[in-house]
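Visitor: Line by line, the protein sequences are chains L, S and Y. No gaps in the numbering here: position 27 of the first sequence is 27 in full-length UniProt numbering, and each next residue is one more. No gaps in the numbering here: position 30 of the second sequence is 30 in full-length UniProt numbering, and each next residue is one more. No gaps in the numbering here: position 22 of the third sequence is 22 in full-length UniProt numbering, and each next residue is one more.
It should be emphasised that the hints constitute simulated quantities derived from the structure, not laboratory data. Heads up, a few of these hints could be off.
[What the hints assert, rightly or not] The following label-pair restraints were derived from C-beta to C-beta distances: (1) R179(L) <-> L13(Y): 44 to 54 Å; (2) V104(S) <-> L57(L): 36 to 46 Å; (3) T7(L) <-> V104(S): 45 to 55 Å.
In this text, all values refer to a predicted model and were calculated from it rather than measured experimentally. We put the CB at the ideal spot given by N, CA and C, even for glycine.
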Amino acid sequence: MSPVLHTRRDGTTRPARHRAVQPPAVAGLTLVWLALWGDVTPLLLVGGVLVAVMVCLVFPLPPLHLSFRVRPLALVALVGRFIVDVVRASVEVSSVVLRRRQVSNAVVAVDLESSSDLMMTLVASMLSLVPGSVVVEARRSTHTLFLHVIDVRDEEAVERFRQEALALEQRLLRAFPARATGQEEAS
Amino acid sequence: MTWTGVADVVAAACILLGALLALIAAIGVVRMPDLLSRMHAATKPQVLGTVLVMAGVGLRLRDLSVVGVLVLIVLLQMATSIVASHMVGRASFRAGQVRHDLLVIDELSSEPAQDEPRGAP
Amino acid sequence: MTIVLVIAAAMLLVAAALLLVRMTLGPTILDRSVALDVLVAVTVSTIGLLIAHTRVTYALPVLVVLAAFGMVGAVSVARYASRSEDVDADSRPDEQIEGDLR
Chain L
1 MSPVLHTRRD
11 GTTRPARHRA
21 VQPPAVAGLT
31 LVWLALWGDV
41 TPLLLVGGVL
51 VAVMVCLVFP
61 LPPLHLSFRV
71 RPLALVALVG
81 RFIVDVVRAS
91 VEVSSVVLRR
101 RQVSNAVVAV
111 DLESSSDLMM
121 TLVASMLSLV
131 PGSVVVEARR
141 STHTLFLHVI
151 DVRDEEAVER
161 FRQEALALEQ
171 RLLRAFPARA
181 TGQEEAS
Chain S
1 MTWTGVADVV
11 AAACILLGAL
21 LALIAAIGVV
31 RMPDLLSRMH
41 AATKPQVLGT
51 VLVMAGVGLR
61 LRDLSVVGVL
71 VLIVLLQMAT
81 SIVASHMVGR
91 ASFRAGQVRH
101 DLLVIDELSS
111 EPAQDEPRGA
121 P
Chain Y
1 MTIVLVIAAA
11 MLLVAAALLL
21 VRMTLGPTIL
31 DRSVALDVLV
41 AVTVSTIGLL
51 IAHTRVTYAL
61 PVLVVLAAFG
71 MVGAVSVARY
81 ASRSEDVDAD
91 SRPDEQIEGD
101 LR
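One chain only, chain L, in its complex shape (with noise of 0.2 Å):
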């Protein structure tokens, strides 16, 4: 990734400025350090946070804008629902490499609702979870995943399969829907 820039006024340019200690980012690696050690104690947690703010020193990342809320409920639906996808495709590619017969696939396009670069990432992380599709290519423009599907015979089964993903989105926006004043910021 090319370091951003900014331009001042004379034209010239400048690397941003991220800051680069973000709050979010130290808690969770926090909580690594702490799952490292297996053991919680006052000079662990002290530790954890001094390495943790050390990491983001050292590694800076442009920060992250979660600019949405979450919805417990349907989090834990999205979540349930997920495992029962994994389950069942697993199964169903298990099915399909024990059997003799050729297999035929296709490279399904899947075109999101939603615009959000986050939530593209999060539903192809999701879909090639499940056995069964591996995102081929993501077309960031245009919010087009392209899925390669195993077990899929004719275009029914695709479209079958098109609806899933989304339906996989849909959940996704349900738990995480966009925060109002962060509209914005999230497209």
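Mind docking chains S and Y on chain L? Use the hints.
Guide: Positioned in the frame of chain L, the structure of chains S and Y alone reads:
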């Protein structure tokens, strides 16, 4: 049957299922005709297999400090397998190593040439 | 428990052998890297079996490292196997890129 006995049985079932998934995935990787089909078979032990085996280990050890590490392992495995599978799938498609005779419908190749630079994220 | 672990270990061993077959045959380097990825997952499962058998947890950090860095091989191979240009080759003006990052 005590609580620990039940946990041990469930752990054994989880580990056995995870190993079975890995075996089927390996069979799939050998048997499937082209790379992308093999990748579908490969996703299975990386996601569900790891979750099952780690759940088995957690139920067997029954130690809260271990559970944190196990959750971390599962999350890391998932996060990295997404990246790896997307990179490999994209590379294979762009290098033209896909067997188009196995594809029923190919909506990517029938698209008009894309306007974005190929390296764009 | 021990019998189950032996059966599981046998299945994993067969899986690893099959993956080695694919790694040897694999027509392209991407096939080999996929097989290597699955082999890493099988290794993680096998070390999990060891931990479940011995109830000794010193090998857990190995699992963390394997899960986190098993991707490096596949990603770097895929990076050089595709004929795409460099990711840095973003020809748009900087303001636009910056706007996308927001």
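Visitor: Next step is simple, just say for each hint if it's right about the structure.
Guide: Hint check results:
no.: 1; hint: R179(L) <-> L13(Y): 44 to 54 Å; verdict: 52 Å, holds
no.: 2; hint: V104(S) <-> L57(L): 36 to 46 Å; verdict: 51 Å, violated
no.: 3; hint: T7(L) <-> V104(S): 45 to 55 Å; verdict: 50 Å, holds
When the structure is compared with the earlier hints, a violation turns up for hint 2 alone.
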